[in-house]
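Protein chains in written order, with the working numbering: chain A, 7 to 356; chain B, 7 to 356.
Among the clues, some could well be false.
As the list makes no split between identical chains, a pair holds if one copy fits it or if it spans any two.
To be verified - Straight-line Cα separation of at most 25 angstroms, SDA-like style, residue types lysine to any residue; simulated pairs:
#1 Lys272 - Val214
#2 Lys232 - Ala313
#3 Lys200 - Val293
#4 Lys304 - Tyr202
#5 Lys303 - Leu183
#6 Lys272 - Trp225
#7 Lys200 - Ala278
#8 Lys318 - Asn218
#9 Lys155 - Asp239
#10 Lys27 - Gly185
#11 Lys200 - Lys303
#12 Lys154 - Gln241
#13 Lys37 - Gly128
#14 Lys57 - Ala271
Calculated from the structure, these hints are not laboratory results.
The residues making up each chain are set out below.
Protein chains: 2
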Amino acid sequence: MTGYNIAIVGATGAVGGRMIKMLEETSLPIKSVKLLASSRSAGKVLRFKDKDLQVQEAKPSAFEGIDLALFSAGGGVSKQLAPEAVKRGAVVIDNTSAFRMDPAVPLVVPEVNPADLYQHHGLIANPNCSTIQMVVALEPLRKKFGLKKVIVTTMQAVSGAGNRAIQELNDETAAILAGKDYTPQVLPVSGDQKHYQIAFNPLAQIDVFEENGYTHEEWKMIHETKKIMANEDLQVTATCVRVPVAVAHSESVWFELEKDGATAAKLQELLAQAPGVVLEDDPAHQVFPQAVNAAGKKETFVGRVRADEEQKNAFHLYCVSDNLLKGAAWNSVQIAEYLDQMDLVRVPQK
Amino acid sequence: MTGYNIAIVGATGAVGGRMIKMLEETSLPIKSVKLLASSRSAGKVLRFKDKDLQVQEAKPSAFEGIDLALFSAGGGVSKQLAPEAVKRGAVVIDNTSAFRMDPAVPLVVPEVNPADLYQHHGLIANPNCSTIQMVVALEPLRKKFGLKKVIVTTMQAVSGAGNRAIQELNDETAAILAGKDYTPQVLPVSGDQKHYQIAFNPLAQIDVFEENGYTHEEWKMIHETKKIMANEDLQVTATCVRVPVAVAHSESVWFELEKDGATAAKLQELLAQAPGVVLEDDPAHQVFPQAVNAAGKKETFVGRVRADEEQKNAFHLYCVSDNLLKGAAWNSVQIAEYLDQMDLVRVPQK
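Using the sequences provided together with the hints, build the complete structure.
As structure tokens, this is what we get:
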């Protein structure tokens with residue numbers, strides 16, 4: 007049996023579960039799948055296709071013989087174990103923020119900057135979920151008209167904060183509907199000092215606050231977008247809000263193009279043909295992207311494309327995508343597919 | 007007993023109920039309160055202070071002897087009955103969109119343009135809920151630094167679509183948590199062709215779509231803001247999204263000031279002293295405005311004030327307010343208080 011030996015690190019998490027599903031659906035040749043997690047989760051049994059696989063402890067020796075390792079177990083785990091995996095010959099696709107801004111590490115969205123994969127030294131970073139769907143939607147427009155400025159407000163699903171956050175949303179919502187008390191323990195940020203109600207209550211905090219008043223999630227959207235689009239002069243600013251939604255992020259994006267000549271109709275035409283994009287934009291029939299329709303799908307759904315009627319070359323769009331799939335697991339597996347097609351599933355010798 | 011004879015038209019609705027509450031709390035001298043609604047709701051008994059009041063049918067003769075009439079029963083009812091009320095000597099404060107853009111009708115937010123009340127001919131329009139809280143937050147900044155451009159994304163509560171929408175959010179959420187089917191019948195717009203799930207699903211449609219791809223809600227935010235701030239050159243653009251929240255709208259506002267010299271700290275200082283504003287902006291302690299905290303309050307809560315780090319004189323803020331109070335009932339009763347203080351509770355003779 008030919009194919010790759012693949013490891014998933016963080017297999018028992020919200021993204022890990024989707025990684026298993028994406029590997030079940032991929033055309034990538036697979037020889038074996040190894041599920042890794044913390045020692046606490048080791049021993050659990052998860053299904054891959056028709057097989058039961060026992061979760062093993064993620065430790066350096068677990069990467070012996072692995073060709074491709076998909077990491078999604080938190081930045082700390084990646085910082086510690088990704089170099090160990092690479093040392094043992096595995097190409098790592100890391101879904102955490104640990105290495106994203108490292109100039110030596112490609113930060114890749116296959117629809118945008120697949121050629122950056124040629125630069126990898128064994129480690130490829132998967133961008134933040136909210137960034138990925140935005141650049142997928144903007145790239146076809148940037149290619150044709152150039153991109154000058156982006157102002158985004160996100161409405162992000164709680165699953166971005168993991169399975170415990172989904173559980174909290176459900177339990178808290180049920181409690182409030184029943185008129186019962188509920189003490190939040192996870193959102194907005196499990197490791198931060200205070201926790202707030204997410205049920206029926208948007209929270210304008212995702213990740214911790216920086217010195218300048220932006221959250222780290224907003225910082226990621228700003229700096230990752232510049233890196234992926236390879237343009238430090240691209241102006242990006244963001245407000246990230248968690249909303250009571252389980253799966254799929256919705257984003258309201260205002261953007262200014264560099265070149266003249268764009269119209270909403272022309273942008274819609276570009277989006278209709280763009281890879282990874284489904285245009286859902288028919289106001290006359292109330293067609294616009296919705297989280298419930300995007301959940302479980304790999305594409306980024308784009309609609310509400312229209313001109314800023316008072317500023318030349320400025321437009322709005324609204325994009326929705328499954329944060330666990332295109333925002334995480336699918337983008338990682340898609341990177342693996344590209345690496346395979348580009349013959350890059352190998353750690354370059356120094 | 008001295009004071010005003012006041013009528014509430016639409017007393018059985020979501021806003022009407024809050025108007026009763028705001029009149030209970032007002033310092034306005036009140037002689038009598040008359041509750042009016044459609045013939046369908048006539049006969050219902052509602053409480054005002056320690057009295058039971060029977061709801062009467064809203065018809066022209068009902069306004070005989072009324073000094074102040076607060077309308078919130080839909081644009082059609084206002085178009086038909088507001089002129090009848092004015093004809094009978096009542097000053098009308100209309101919470102619908104029926105007369106807002108009429109150049110002869112002042113569109114008033116007391117914190118912003120109270121002097122416009124001097125121009126009234128018997129009819130004053132109360133702006134749209136999403137517009138009011140935004141101009142309350144921006145006005146102190148505009149006054150000091152001038153305002154050039156506003157780009158807003160709203161996350162609006164379902165109560166803006168009435169009591170039936172609140173019921174739908176609750177019933178639908180409970181059904182989904184229980185794994186049951188639910189057929190939406192109200193949201194996003196009760197009178198539109200299609201209805202969609204709001205539970206755990208943001209809907210980027212509030213009010214009907216216009217020809218240019220904007221919704222009518224977005225149109226209102228754009229044009230009402232210009233009128234209230236008396237500046238047709240002020241650039242405003244908007245994306246309005248309904249979110250699974252019962253009460254209080256949250257708004258992510260990016261804005262560009264005209265004059266140099268502003269800093270986030272200076273803007274925070276202005277907001278801390280501004281009428282009708284409560285500054286909730288302390289990222290180090292995770293303090294930012296939240297719908298659950300704003301619900302039931304009259305103020306507009308403002309936070310997340312920070313500079314756009316790549317564009318001079320551009321900033322973000324995040325504002326939250328009770329859409330049924332400052333967005334509707336309280337702003338109407340507040341206008342009544344101002345009319346009383348300005349000795350304007352009379353219909354000018356032609």
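Here's how the hints hold up against the structure:
1. In the homo-oligomer, the alpha carbons of Lys272 and Val214 lie at most 25 angstroms apart only across protomers (24 angstroms), although the nearest pairing inside one protomer, at 39 angstroms, exceeds that limit.
2. Taking the shortest Cα distances, Lys232 and Ala313 sit within 25 angstroms of each other both inside one copy (23 angstroms) and across copies (18 angstroms).
3. Only between protomers do Lys200 and Val293 lie at most 25 angstroms apart by alpha-carbon distance; the minimum there is 9 angstroms, versus 39 angstroms within a single protomer.
4. Proximity of Lys304 and Tyr202 under a CA criterion of 25 angstroms is satisfied inter-copy only: 22 angstroms between copies versus 31 angstroms inside one chain copy.
5. Taking identical chains as interchangeable, the C-alpha atoms of Lys303 and Leu183 lie at most 25 angstroms apart only when they sit on different chains, with a minimum of 22 angstroms there against 30 angstroms within one chain.
6. In the homo-oligomer, the alpha carbons of Lys272 and Trp225 lie at most 25 angstroms apart only across protomers (23 angstroms), although the nearest pairing inside one protomer, at 31 angstroms, exceeds that limit.
7. In this assembly of identical chains, the alpha carbons of Lys200 and Ala278 lie at most 25 angstroms apart only when taken from different copies (23 angstroms versus 43 angstroms within one copy).
8. Taking the closest pair of Cα atoms, Lys318 and Asn218 come within 25 angstroms of each other only across two copies (16 angstroms); inside a single copy the shortest separation is 30 angstroms, beyond that limit.
9. In this assembly of identical chains, Lys155 and Asp239 lie within 25 angstroms of each other by CA distance both inside one copy and across copies; the values are 9 angstroms within and 22 angstroms between.
10. In this assembly of identical chains, the alpha carbons of Lys27 and Gly185 lie at most 25 angstroms apart only when taken from different copies (23 angstroms versus 37 angstroms within one copy).
11. In the homo-oligomer, the alpha carbons of Lys200 and Lys303 lie at most 25 angstroms apart only across protomers (23 angstroms), although the nearest pairing inside one protomer, at 34 angstroms, exceeds that limit.
12. In this homomeric assembly, Lys154 and Gln241 come within 25 angstroms of each other (Cα to Cα) both inside a single copy, at 6 angstroms, and across copies, at 19 angstroms.
13. Within a single copy, Lys37 and Gly128 get their C-alpha atoms as close as 20 angstroms, which meets the 25 angstroms cut-off; across copies the closest is 80 angstroms, which misses it.
14. For the homomeric pair Lys57 and Ala271, neither the shortest alpha-carbon distance inside one copy (49 angstroms) nor that between copies (59 angstroms) is at most 25 angstroms.
Figure legend: structure checked against the earlier numbered hints; the only hint not met is number 14.
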